[in-house]
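Taken in sequence, the protein lines are chains A and B. Numbering of the first sequence is given in my numbering, commencing with residue 1 and proceeding in unit increments. Numbering of the second sequence is given in my numbering, commencing with residue 1 and proceeding in unit increments.
Derived by calculation from the structure, the hints in this document are not laboratory data. Glycine included, every Cβ here is placed at the ideal spot set by N, Cα and C. Take these hints with a grain of salt, some might be off.
[Unchecked claim] Computed Cβ-Cβ distance ranges for the label pairs, DEER-style:
{"id": "1", "chain 1": "B", "residue 1": "Thr60", "chain 2": "A", "residue 2": "Ser80", "range": "46 to 54 Å"}
{"id": "2", "chain 1": "A", "residue 1": "Ser39", "chain 2": "B", "residue 2": "Gln8", "range": "17 to 25 Å"}
{"id": "3", "chain 1": "B", "residue 1": "Gln14", "chain 2": "A", "residue 2": "Lys9", "range": "32 to 40 Å"}
{"id": "4", "chain 1": "A", "residue 1": "Lys22", "chain 2": "B", "residue 2": "Val78", "range": "37 to 45 Å"}
{"id": "5", "chain 1": "A", "residue 1": "Ser80", "chain 2": "B", "residue 2": "Asn58", "range": "22 to 30 Å"}
{"id": "6", "chain 1": "A", "residue 1": "Pro95", "chain 2": "B", "residue 2": "Lys73", "range": "25 to 33 Å"}
{"id": "7", "chain 1": "A", "residue 1": "Glu53", "chain 2": "B", "residue 2": "Phe47", "range": "46 to 54 Å"}
{"id": "8", "chain 1": "B", "residue 1": "Arg72", "chain 2": "A", "residue 2": "Gly16", "range": "44 to 52 Å"}
{"id": "9", "chain 1": "A", "residue 1": "Thr59", "chain 2": "B", "residue 2": "Gly43", "range": "24 to 32 Å"}
{"id": "10", "chain 1": "A", "residue 1": "Pro69", "chain 2": "B", "residue 2": "Arg72", "range": "42 to 50 Å"}
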Amino acid sequence: DTAVSQTPKYLVTQMGNDKSIKCEQNLGHDTMYWYKQDSKKFLKIMFSYNNKELIINETVPNRFSPKSPDKAHLNLHINSLELGDSAVYFCASSPRGPGRNEQFFGPGTRLTVL
Amino acid sequence: AQKITQTQPGMFVQEKEAVTLDCTYDTSDPSYGLFWYKQPSSGEMIFLIYQGSYDQQNATEGRYSLNFQKARKSANLVISASQLGDSAMYFCAMREGPGAGSYQLTFGKGTKLSVIP
Chain A
1 DTAVSQTPKY LVTQMGNDKS IKCEQNLGHD TMYWYKQDSK KFLKIMFSYN NKELIINETV
61 PNRFSPKSPD KAHLNLHINS LELGDSAVYF CASSPRGPGR NEQFFGPGTR LTVL
Chain B
1 AQKITQTQPG MFVQEKEAVT LDCTYDTSDP SYGLFWYKQP SSGEMIFLIY QGSYDQQNAT
61 EGRYSLNFQK ARKSANLVIS ASQLGDSAMY FCAMREGPGA GSYQLTFGKG TKLSVIP
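Let the sequences and hints guide you as you build the complete structure.
In structure tokens, the structure reads:
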């Protein structure tokens with residue numbers, strides 16, 4: 001069984017459109033995250049959610065909004081897409097707290113904005 | 001200032017040889033964790049190894065070991081007996097303590113390792 005899944009794997013869309021990426025984890029983890037990986041492979045945190053509450057938001061434009069219907073899901077909605085939003089978006093999850101608690105990543109969604 | 005620095009954009013290693021990938025970090029938090037992830041060309045992120053700031057011994061996981069030098073703030077990944085399948089991007093990451101709030105990971109820019117047959 002897939003631990004962290006994302007849909008779609010590829011997303012190609014026009015500038016100005018609104019799109020969503022879905023993420024689900026079946027690991028029973030308390031915290032979920034969204035990361036953006038740019039064309040130079042740099043990974044940067046966008047959001048994290050703990051028990052359905054947003055606990056950080058790292059200078060991300062408000063066109064991006066995470067939505068968590070329950071502990072196992074964290075979806076990413078993007079409004080008015082721009083060329084610079086083209087990237088690979090990774091969802092991840094982990095148990096909360098110190099110690100190893102490594103993050104498990106989804107397969108990524110490659111977003112291309114034309 | 002960068003919190004995680006990986007100074008080697010790319011490296012080559014001969015198959016069956018050992019290789020060290022460098023990582024230095026910067027934090028004032030006494031409680032932190034250091035992670036290494038592998039990203040093959042297929043794109044997935046694979047966890048390799050973890051070192052906690054209070055761990056007395058260097059972490060090891062199979063062919064991976066972490067050379068942790070706390071005073072120098074370095075956490076280098078050592079891969080022994082390199083295999084062709086080790087060719088990938090390798091990312092060092094840090095998670096700072098509870099005071100940071102969310103247990104997010106801060107990543108370095110990565111090192112692209114190529115294993116030569």
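Structure-based check of each hint:
For threonine 60(B) and serine 80(A), the hinted distance range of 46 to 54 Å is satisfied, since their beta carbons lie about 48 Å from each other. In this structure the hint that serine 39(A) and glutamine 8(B) lie 17 to 25 Å apart at CB holds, the actual value being about 20 Å. Between glutamine 14(B) and lysine 9(A) the C-beta distance comes to about 35 Å, which sits within the given range of 32 to 40 Å. At roughly 38 Å, the beta-carbon separation of lysine 22(A) and valine 78(B) lies within the given 37 to 45 Å, and the hint holds.
The hinted range of 22 to 30 Å is not satisfied by serine 80(A) and asparagine 58(B), whose Cβ atoms lie roughly 48 Å apart. Evaluation of the 25 to 33 Å hint for proline 95(A) and lysine 73(B) yields a pass: the beta carbon distance comes to about 26 Å. One distance hint, 46 to 54 Å for the beta-carbon pair glutamate 53(A) and phenylalanine 47(B), is violated here, with the actual separation near 25 Å. The hint said 44 to 52 Å for the Cβ distance between arginine 72(B) and glycine 16(A), and at roughly 49 Å that hint holds.
Separated by about 25 Å at the C-beta atoms, threonine 59(A) and glycine 43(B) satisfy the suggested range of 24 to 32 Å. For proline 69(A) paired with arginine 72(B), a C-beta distance near 45 Å keeps the hint of 42 to 50 Å intact.
In terms of the numbered hints stated before, the structure departs from hints 5, 7, listed from lowest to highest.
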